[in-house]
Amino acid sequence: MTAIIGQASLLLAFTLALWGIIAPFLYSRTRNQLLFTSIRIGILGQFIFVTLAAASLIYALVTTDFSIKYVALNTTRGTPIYYRVTGLWGALEGSLLLWEWILIIFSALVAWIYKDRHRELMPWVLMIFSIVSAFFLAVIAFASNPFESVFPIPADGGGLNPLLEDANMLTHPPLLYTGFVGLTVPYAFAMAALIHGKLDAAWIITIRRWTIIAWFFLSMGNLVGAWWSYHVLGWGGYWAWDPVENAAFMPWLPATAFLHSIQVQERRPMLKVWNLSLIIIAFSLTIFGTFLTRSGILSSIHAFSSGPVGSLFLAFLAFILLGSFGLLAYRADQLKGQPVLDSPVSRESAFLLNNVVLMSALFTIFLGTIFPLLSEAVVGVQVSVGAPYFNSVTVPLFLLLVFLMGVGPMIAWRKASWDNLRRNFLWPCVASLMVALVLFIWRVQSFLPLLGFTLSAFVAFTILFDTTILVRARRRIAGEGYLRALLTLVRKNQRRYGGLVVHLGVVLIIMGIGTSMSYSVEREATLQRGQDLSVGRYRVRFDGLKGSQQPTHFRVEGAFRVFNNGHDLGTLTPALKFFPNQKSPIGRAVHRSTFSEDLYLILSGFSEIEQNQVTLKILVRPLVSWIWVGGFVMALGTLVAILPFRRFSSHES
Amino acid sequence: MPWRRLTVTVLAIMLLIGLLAYGFTRDPRYIDSPLIGRPAPLFTLTLFDGKNVRLQDLRGKVVFLNFWASWCPPCRAEAKDLEANWQSFKDQDIVFLGINIQDKEPNAIEYINEFGITFPNGRDATGRIAVDYGVWGIPETFFIDTEGRITYKHVGSLGWPTITAKLHEAQRSLVSASEGRGSYQPIR
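Chains as they are written, first to last, in our numbering: chain C, 1 to 653; chain S, 1 to 188.
Calculated from the structure, these hints are not laboratory results.
Treat the hints with care, as some may be off.
With a Cα cut of at most 20 Å, we get these calculated SDA-like pairs of lysine to any residue [to be verified]:
#1 C:Lys577 x C:Phe563
#2 C:Lys336 x S:Arg5
#3 C:Lys577 x C:Phe554
#4 C:Lys336 x S:Gly116
#5 C:Lys198 x C:Met270
#6 C:Lys546 x C:Phe578
#7 S:Lys80 x S:Gly116
#8 C:Lys115 x C:Arg208
#9 C:Lys336 x S:Lys80
This structure is a prediction, so every number in the text was calculated from the model and none was measured.
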């Protein structure tokens with residue numbers, strides 16, 4: 001019954017999506033208001049039916065309705081309730097349904113929020129949503145159906161992939177999907193404007209807001225993914241340049257570039273084609289990422305089992321790219337701007353450079369990701385490029401980006417005068433050089449980390465310096481206290497200060513990544529009970545092994561007593577989990593985090609013959625926690641930028 | 001000139017899509033063996049007749065090492081050619097050795113009888129030898145020269161001409177540049 005409701009809802013939603021594609025054309029001919037209303041109602045209907053389908057699948061998962069193949073494959077009677085719910089996105093079919101669900105929520109939101117605005121654009125905006133929605137619904141209903149039945153009905157199910165049994169299963173995939181899908185909104189507006197030919201600036205503000213929202217979810221989704229990898233996968237890392245990690249990161253780059261270059265377009269009639277291209281690229285990359293994960297053309301930890309879905313996504317990607325860029329090329333004459341920079345030393349050019357760097361990073365990451373394909377197609381040999389390539393090409397680019405984060409927000413628009421430069425940058429330069437000197441004398445002597453720290457300090461100093469000057473000025477003029485003055489400043493210019501806080505977050509993340517990459521120490525040894533292993537200040541003593549039966553798996557846990565310079569820090573218990581239908585055990589690393597460094601223990605193995613003999617790997621990774629702190633700061637900054645504080649403020653300007 | 005712009009755009013996009021589509025024709029998990037040109041991992045194999053064979057005892061002879069299972073169609077496809085080659089090469093200091101993996105012993109013995117296989121065969125019950133050789137699918141065949149070095153690896157089923165050619169190369173210690181693939185794809 002559940003399956004029938006689900007399947008029927010999908011088909012009804014699909015029909016409505018088809019109507020959503022046809023109706024705008026009819027409307028543009030006839031201008032019949034009834035048609036316009038029908039488009040909006042169609043979106044609402046899709047929303048209701050897709051929600052019904054998703055709810056059916058969740059219901060089937062929760063009630064372990066094993067007559068549905070998807071449920072039988074992805075849950076068991078022993079699965080706790082929240083992993084049954086997260087089973088919705090635990091495998092291919094369900095994850096596509098989640099995607100579609102989020103998409104249609106966004107569409108309904110857009111239809112509702114702009115019920116009176118963007119009157120000419122809305123039919124086309126909703127049409128783009130319907131196209132994407134129709135595609136996903138077609139894939140779900142006809143090619144990869146989560147409601148497919150199974151007969152005979154199995155007594156128990158297969159269960160979620162054990163790697164997915166983690167609290168982050170509740171956060172990482174939905175956050176990332178929301179980020180991915182969120183990019184459909186600016187894309188829909190951009191396409192609508194191109195189709196309609198109304199290429200003025202009115203929709204730019206709209207696009208910018210939605211891009212910030214998508215960008216926020218994308219950032220958080222990636223960071224939570226890194227955090228998950230760090231504490232679950234048990235290899236001590238948070239980023240592996242795996243093709244699918246890249247796929248999740250790549251849309252972030254053009255989205256970030258867009259958020260900067262759109263500020264140029266807001267002030268000057270330039271970069272119109274460029275900005276539209278960024279939006280199209282960002283959206284296409286989300287489809288590309290989905291294609292990559294669902295096609296199995298590159299091997300990856302994140303890959304879903306492949307099927308006909310891969311080729312469907314490729315066809316859709318081709319359609320999107322051809323349609324969008326074709327239309328853009330067709331309209332390009334109407335988008336001619338004024339491609340003149342007043343001066344190479346200006347905020348415009350800083351933002352342009354920022355765009356160039358971000359897109360270079362995108363290009364190199366894209367190239368590295370598809371390199372195995374490229375090399376096999378061209379020279380016939382499959383060559384993968386790994387972390388060394390990505391690190392060596394992206395690190396310099398990201399360092400340049402950090403530098404620009406310091407310069408961009410402070411340098412003057414149009415043309416920076418010598419005076420402007422001196423006032424904003426002299427002291428931050430001096431201060432960060434002092435920091436460099438101190439670090440060098442202390443112990444940071446290799447070039448890249450030193451440069452990274454110096455540039456990070458530079459960004460922090462520019463922000464601190466600029467804010468201090470303005471707060472002081474306000475204090476003098478308005479007679480406010482320091483905190484009050486700061487709050488007024490932020491409220492009067494939310495976007496700017498939100499952005500600056502985000503920059504601080506990025507600086508923290510870059511500091512965390514740079515340091516933990518450059519200064520990690522690791523040791524591995526086989527220990528008998530009572531023996532110990534030392535790394536740096538830490539000494540870790542092995543106190544014995546313990547096995548226990550858990551609801552879904554058998555767990556072997558090692559007890560390790562940790563001492564820091566002789567201080568007893570208690571016991572850490574890394575474990576290996578043995579799942580019945582998995583060949584090799586899954587590690588559960590443990591770590592002890594402080595703001596200065598993480599101690600990370602991995603139980604690599606234990607002897608089956610000799611009792612109480614284990615192989616232990618210890619990593620000491622400095623400043624890793626700052627990556628997560630940085631993520632938090634970024635989130636805070638985004639909120640500062642988009643929350644409507646002003647409405648509640650008396651300082652309306 | 002929107003037409004020129006359009007053409008360029010379309011061409012660039014089709015190139016990318018073409019490359020991605022090409023991805024469907026290949027298997028990303030397929031990795032060239034690093035073993036070619038390297039010493040063959042040593043092993044002791046217990047044959048179906050109970051005798052033991054140690055690889056290091058076969059120094060000075062060319063070894064033809066074939067991994068198979070009774071349930072694997074490409075193995076069946078090549079079985080007759082293997083036996084026929086063995087018949088023509090067995091007097092030339094060449095040893096054929098079949099290693100049965102991922103299989104049940106009765107089925108394996110039935111298979112040997114079915115194809116009238118006379119060269120020595122044994123079972124790698126733990127899969128240890130297969131792991132040492134990085135066996136990825138079956139059948140896989142390794143050619144080992146008189147110095148105990150792997151000269152060639154073949155994934156998938158073998159035909160008569162390839163076996164003959166590669167055995168001659170192994171006799172002269174000629175190392176192939178890369179591994180080969182059979183017309184019959186292997187089964188994972």
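Status of each hint after checking the structure:
With a C-alpha separation of about 26 Å, the suggested pairing of C:Lys577 with C:Phe563 is violated against the 20 Å cut-off. For the proposed pair C:Lys336 and S:Arg5, the alpha carbon gap of about 14 Å is at most 20 Å, so the pair holds. With a C-alpha separation of about 6 Å, the suggested pairing of C:Lys577 with C:Phe554 holds against the 20 Å cut-off. Proximity of C:Lys336 to S:Gly116 is assessed by CA-CA distance (about 79 Å); at most 20 Å being required, the pair is judged violated.
Between the alpha carbons of C:Lys198 and C:Met270 the distance comes to roughly 16 Å, so the proposed pair stays at or under 20 Å and holds. Note on C:Lys546 and C:Phe578: the hinted pairing holds, with a Cα-Cα distance of about 13 Å set against a maximum of 20 Å. Between S:Lys80 and S:Gly116 the alpha-carbon distance is near 8 Å, which keeps this suggested pair within the 20 Å criterion. Proposed proximity of C:Lys115 and C:Arg208 is supported: the alpha carbons are some 19 Å apart, at most 20 Å.
Of the pairs offered as hints, the one joining C:Lys336 and S:Lys80 is violated, with about 72 Å between alpha carbons and a cut-off of 20 Å exceeded.
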